[in-house]
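**Student:** So the chains spell out like this:
There are 2 protein chains.
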Amino acid sequence: MSKPVLIVGAGPSGLAAAHALARVGQRAVLVEKAERLGGAPILSGYAKLVPSGEWARDAIGGMVRRVETDALVEVHARTTVTRFEGGPGEFTAELSDGGTVQAGAAILTTGFTHFDSLNKPEWGFGTFPDVVTTTQVEQMISSGQGVRCPSDGRKPQRVAILLCVGSRDRQIGREWCSKICCTVSANLAMEIREELPDCHVYIYYMDIRTFGLYETKYYWRSQEEFKVKYIKARIAEVTSDGEKLIVKGEDTLVKRPITIPFDMVVHAIGMDPNVDNKAIAGVFGVALEPHGFLARGSSYAATAETSRPGVFVAGAACGRETIDDSIAQGHAAAATALAIVRPARASA
Amino acid sequence: MSKPVLIVGAGPSGLAAAHALARVGQRAVLVEKAERLGGAPILSGYAKLVPSGEWARDAIGGMVRRVETDALVEVHARTTVTRFEGGPGEFTAELSDGGTVQAGAAILTTGFTHFDSLNKPEWGFGTFPDVVTTTQVEQMISSGQGVRCPSDGRKPQRVAILLCVGSRDRQIGREWCSKICCTVSANLAMEIREELPDCHVYIYYMDIRTFGLYETKYYWRSQEEFKVKYIKARIAEVTSDGEKLIVKGEDTLVKRPITIPFDMVVHAIGMDPNVDNKAIAGVFGVALEPHGFLARGSSYAATAETSRPGVFVAGAACGRETIDDSIAQGHAAAATALAIVRPARASA
Chain A
165 MSKPVLIVGA GPSGLAAAHA LARVGQRAVL VEKAERLGGA PILSGYAKLV PSGEWARDAI
225 GGMVRRVETD ALVEVHARTT VTRFEGGPGE FTAELSDGGT VQAGAAILTT GFTHFDSLNK
285 PEWGFGTFPD VVTTTQVEQM ISSGQGVRCP SDGRKPQRVA ILLCVGSRDR QIGREWCSKI
345 CCTVSANLAM EIREELPDCH VYIYYMDIRT FGLYETKYYW RSQEEFKVKY IKARIAEVTS
405 DGEKLIVKGE DTLVKRPITI PFDMVVHAIG MDPNVDNKAI AGVFGVALEP HGFLARGSSY
465 AATAETSRPG VFVAGAACGR ETIDDSIAQG HAAAATALAI VRPARASA
Chain B
165 MSKPVLIVGA GPSGLAAAHA LARVGQRAVL VEKAERLGGA PILSGYAKLV PSGEWARDAI
225 GGMVRRVETD ALVEVHARTT VTRFEGGPGE FTAELSDGGT VQAGAAILTT GFTHFDSLNK
285 PEWGFGTFPD VVTTTQVEQM ISSGQGVRCP SDGRKPQRVA ILLCVGSRDR QIGREWCSKI
345 CCTVSANLAM EIREELPDCH VYIYYMDIRT FGLYETKYYW RSQEEFKVKY IKARIAEVTS
405 DGEKLIVKGE DTLVKRPITI PFDMVVHAIG MDPNVDNKAI AGVFGVALEP HGFLARGSSY
465 AATAETSRPG VFVAGAACGR ETIDDSIAQG HAAAATALAI VRPARASA
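Protein chains in written order, with our numbering: chain A, 165 to 512; chain B, 165 to 512.
The following block holds chain A by itself, in its conformation from the complex:
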């Protein structure tokens, strides 16, 4: 029997990797620091996912159950890896729960940390209760509560979604684009309009990055079917006149200052490197790239490789990623790890 593959992090990418391995009869040990499996979509209570339109609790929840009930996957929740030694085919990992794993290979699917909007104070989060994040609006929807102003529970009549909060912002050291917030925000805007047909929803943007087939499914449809309005703008600040939130900025298409009142302002928060990345890099002996994500080899011939042989990486751990690409990368890392734990030519 071949040694198991150690997978660290039970979000979409790690769950996909574990399933891909178990499906071909390969054992996996899945270690997750949180109490529950599922990663950000489950732990942060996402609503309907892009682009499948499935509810997170169904889609990712189903992936969790599939792995939890698989005899070939040994799950350690509330657990971290404290020590990791050896080489390809013969790694030894010590776990915080006292366990030890002899693994043939390892896959790091340790994900990201949501940007904390308190780091962008001039945009009102933490000062005004009706300035919220996309994650909070997801939770309002997925909980069944509905989209309501936190200050007094009223239905908002005017909502502004501000893109690139914690992304493309050199001032606060987040130079990267978070890739998926434009599309997630267009989706969220349609969900708000669906629940509250009288509510006006505006999206403030720098560029709309609904790449590929997201263009029609999210950007165009949100405008044409759902009448979501898009304003290309640089935002200066979010204040309050005591009654409404006021978004001040410059409309970069007409080169004029604009000041518009809203009931609710939503920060489309970006994806920071996992706050634990330095510790993870230390334990596993893998390199970080300059922004602090886990470094993935750029050679096409070497999918999913980190700087350490036998240790692979997938998903948002190596930079912001979509859920479907995270899942594809999880499968890819599993396929790569498999080549180490199953002697390649023996079974031909």
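Calculated from the structure, these hints are not laboratory results. No experiment lies behind these values; they were computed from the predicted model shown. Please note that a few of the clues may not be correct.
[To be verified] Covered stretches of chain A (in silico footprint by chain B; criterion: 3 or more residues with CB under 8 Å from a CB of chain B, positions within the stretch not fixed): (1) 226 to 239; (2) 283 to 297; (3) 315 to 325; (4) 363 to 377; (5) 482 to 488.
Even for Gly, the Cβ is constructed at its ideal location relative to N, Cα and C.
Place chain B on chain A using the hints.
**Tutor:** Relative to chain A, chain B alone:
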């Protein structure tokens, strides 16, 4: 010995799938309609690839050699599949070269077709010899010839790259975004500036979609290090004053008409569905999505699935895709196909 997996199309995604299978001792039959393997990066003579920076002939060429020299991969070039019957675990494929393959599963990595700029006649391609496509500029660079005006071989002093040619354009039935042209164009602009330091390069855009970490590596670096200029504009037409090409349009940031002379105009062409997709869908009995790409199941639990059980899909065949994601998806499809040809629990 388990049945082989049939892979149709030997671009990055198909090559990755074949390698992923062979590496774990699984046989594959790789069928490619062209004379050479490698897909668009090789057949169209791409230069340095995004984001690895490797030359296409080295990076993808290396993937080709790895597969061609692998005893577990049976390659049929200049060949198509003419008939495909059966179900998971027991497909039969007839090939145009007279061969027959008994396959356990199939992976369609049949790629895309470059947009033909003749379908956007008002932008000058086919009328003026110095209006070229990104692919042609890639070929000028990869051949060692250098970037020259086709009309008289001179080094251009001013180059305009027009984004979204055959993308995001309802008028000509291409509503999708081609995902990678913004980044490829920023990369190409830097390559032009590197070869011709005195040449001014302008990029005309609607939105700049250098998502994720491409933001700093391509968009910012092209402006800050390479002085590439970006103009947000709607382009009306490309004409000529007899000496220079004239790009006419409206600068959408200042709301003014702009008319600028150039020596060379480059169309950043998009990715159409493979022209053979209807035939492919017919032979394999799989569905197309509304734009004409191969339809891929949107459920996260079912990576790489087409509408037909046992037939999987990866890469640009299901819509424009980057090379690295195509490769990850190729691996993912291989991992999924493996579960069919290797009885799952037997080897645990």
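**Student:** Can you tell me if the region 226 to 239 of chain A counts as covered by chain B, using C-beta to C-beta distances under 8 Å and a minimum of three residues?
**Tutor:** holds (count 4)
**Student:** Under a C-beta cut-off of less than 8 Å, do 3 or more residues of the region 315 to 325 of chain A approach chain B closely enough to confirm the stated coverage?
**Tutor:** Coverage by chain B is violated here, the residue count being 0 at a Cβ distance below 8 Å.
**Student:** Per the coverage rule (Cβ-Cβ under 8 Å, at least three residues), is the region 363 to 377 of chain A covered by chain B?
**Tutor:** holds (count 7)
**Student:** Per the coverage rule (Cβ-Cβ under 8 Å, at least three residues), is the region 283 to 297 of chain A covered by chain B?
**Tutor:** Since three or more residues must qualify, the claim that chain B covers the region 283 to 297 of chain A is violated, with 0 doing so at under 8 Å.
**Student:** Please verify the coverage claim for the region 482 to 488 of chain A: does it have three or more residues whose C-beta sits within 8 Å of some C-beta in chain B?
**Tutor:** n = 5 at 8 Å, threshold three: holds.
The structure fails hints 2, 3 (numbered hints given earlier, in ascending order).
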